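> Chain by chain, the residues:
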Amino acid sequence: MKLTVLAALSVAGLSAAALGISHGGFCGGDGCILASKPANAAAVSTVALVEEGLAASEWKVDPVHSSMFFRIKHMNTAWFYGRFNEISGTIGFDPAKPDTASFDVEVKTASVDTNNKGRDKHLTGSDFFNADQFPTCTFKSTSVSAGVNDNYELKGDLTINGQTKPITAKLEKTGEAKTREGTPTVGFEATFVINRNDFGVKYGPGALGDEVRVTIALEAIKK
Amino acid sequence: MRHFIQLLMADAEGLSMEASGALFGVLIPALISAALLLAAWSPWKRRSPSEDRSEAPRVPWWSLALGCLAIGIGPIAADLLIRGRHGLWPVATTYYVPHATVVAIACGIALASDRSRLTGRGGGRALITVVASFAITYLLTQHRVKSQWTGLERIGWLVGLSLVPATLALSMDSLARNASDNGGVKPRPPGARLAILSWLAFSAAAVVLLFSGAAALGQVTGAFAAATGPFVLLGWWRRDLPTMRGAGVVAGLMLPSMLTVQFYNEVPLSAAALLVAIPMVAWIGRLGPMRRSPAWLATLISAILGAALAGTAIAISAPPAEENPLSYDQYTGE
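First to last, the protein sequences are chains A and B.
With positions in the first sequence counted from 1, the corresponding number in my numbering is that position plus 1439.
With positions in the second sequence counted from 1, the corresponding number in my numbering is that position plus 9.
In short, the hints are calculated from the structure, not lab data.
All of these numbers come straight from a predicted model, not from anything done at the bench.
Heads up, some of the hints might be wrong.
What the hints assert, rightly or not - Coverage of chain B stretches by chain A, computed from C-beta distances (three or more under 8 Å per stretch; other residues unrestricted):
1. 85-95
2. 221-227
To be verified - One side of the interface only, derived from the structure: several residues of chain A facing chain B at Cβ under 8 Å:
3. Lys1560
4. His1561
5. Gly1564
6. Asp1566
7. Gln1572
8. Gln1602
9. Lys1641
Using N, Cα and C, we set each Cβ at its ideal position, and we do this for glycine too.
Could you build the full structure based on these sequences and the hints that come with them?
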């Protein structure tokens, strides 16, 4: 598959090399890698360009620097916040074509953390996330609509407790940088609101609110 | 009926969790059980004083069938009211408790009648019970069967797990059917012994499940205890009645089955074993010197032993204070 894509993109790759593209796209904002390639290695550069162009749109979620929080109302009185500690996934993102972005994120339900062991035990049990049968919650995007100033509308399928529902989230590209090793990184933050009853999490009506707001901040590293 | 349930749920939305738990998990199943037992009452009217009351009266099959419904319908209603409806074929395995209870009720009703060729013989009864137990075990562990266990492991788990409810159900069926049989010694009335032990077992199992973090399932298990309550009262009042015949099969199938939830929550295996052993304590009344003891003494000793097992199971499963799923939500300000 890689060879096929390489062949298909080779013409575009040659053109790109010739033009010396230098925008913040593949390269993280401070200049295109292409510009630093020696000109006498054109053939290699083309392949490298195409390879990097293919890989450049694929990012792996950095679990160490990604966070996910949720809030729910307790006794109709105060918002309560919790988090999930284990997040993973991949992102397909090309800044030149943000509406082609894709997000495939997975969260381990057993990693829920509300700073209370008794409550965490309850949350992973059959009353809430049922972690034995459903070890993960997942989100797979279906579309991204470009907005203004790195803000987008993200749509996709959210699966909790084995039930999948379409949701719409506000998505913001929060920044980009490079690691110490020079590998590009990019950050996103998405926020959405769900009704937990839609996903079969019905325990504690009245004591716990139905609406849950989820905020997930992802830092991804280029593959 | 649907309109009534909707009204009930609408009114209950304003109730606290404790109040709604008491209403749905205790009062409603107890009332349903009592109502069905009353409906089965007419064949059980008092006989003439000259009749030997230590011998169980012959009750019609439909009367025993109502007893099976009495112990099972209340918990089904409690499950739907407490945990909500999740469709006829829910995605989550834990929502198949009503389905499992229906299978248990059907098995109890089948075994309550010994007129058919199949149920009139011990082998046939065992076969029906094993099949029902296998079906119940599959319903309550199907996510593991489908995606976590493979090959021989799958067969081993299914067969091994289903043997426990099958054994307990057949044992309770034998105890209930031969309640007056004292091994040649003067027959004793059935009494409330089996009902008391079933009530103890379900009550303790409910607490153990609450400790494990399965609060809703604990409430549903408590509903089984509540549904068994009228059987205790009836068995105490009319000691000659075989109240647990058929119903004992339902209890025997569902008690261990509710504990398969240990796959989802941390129920210690030792606690589960003790809970399952509680109804078996009724056999003590037929052993050695206990055979010649008065019925009330045998019942008292069985109840004390059963309570000891229940207390031990609860003690084993009680988590440390900081991990207690029952108390994390309480802050007194001190």
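> List, from low to high, the hint numbers that the structure doesn't satisfy.
none
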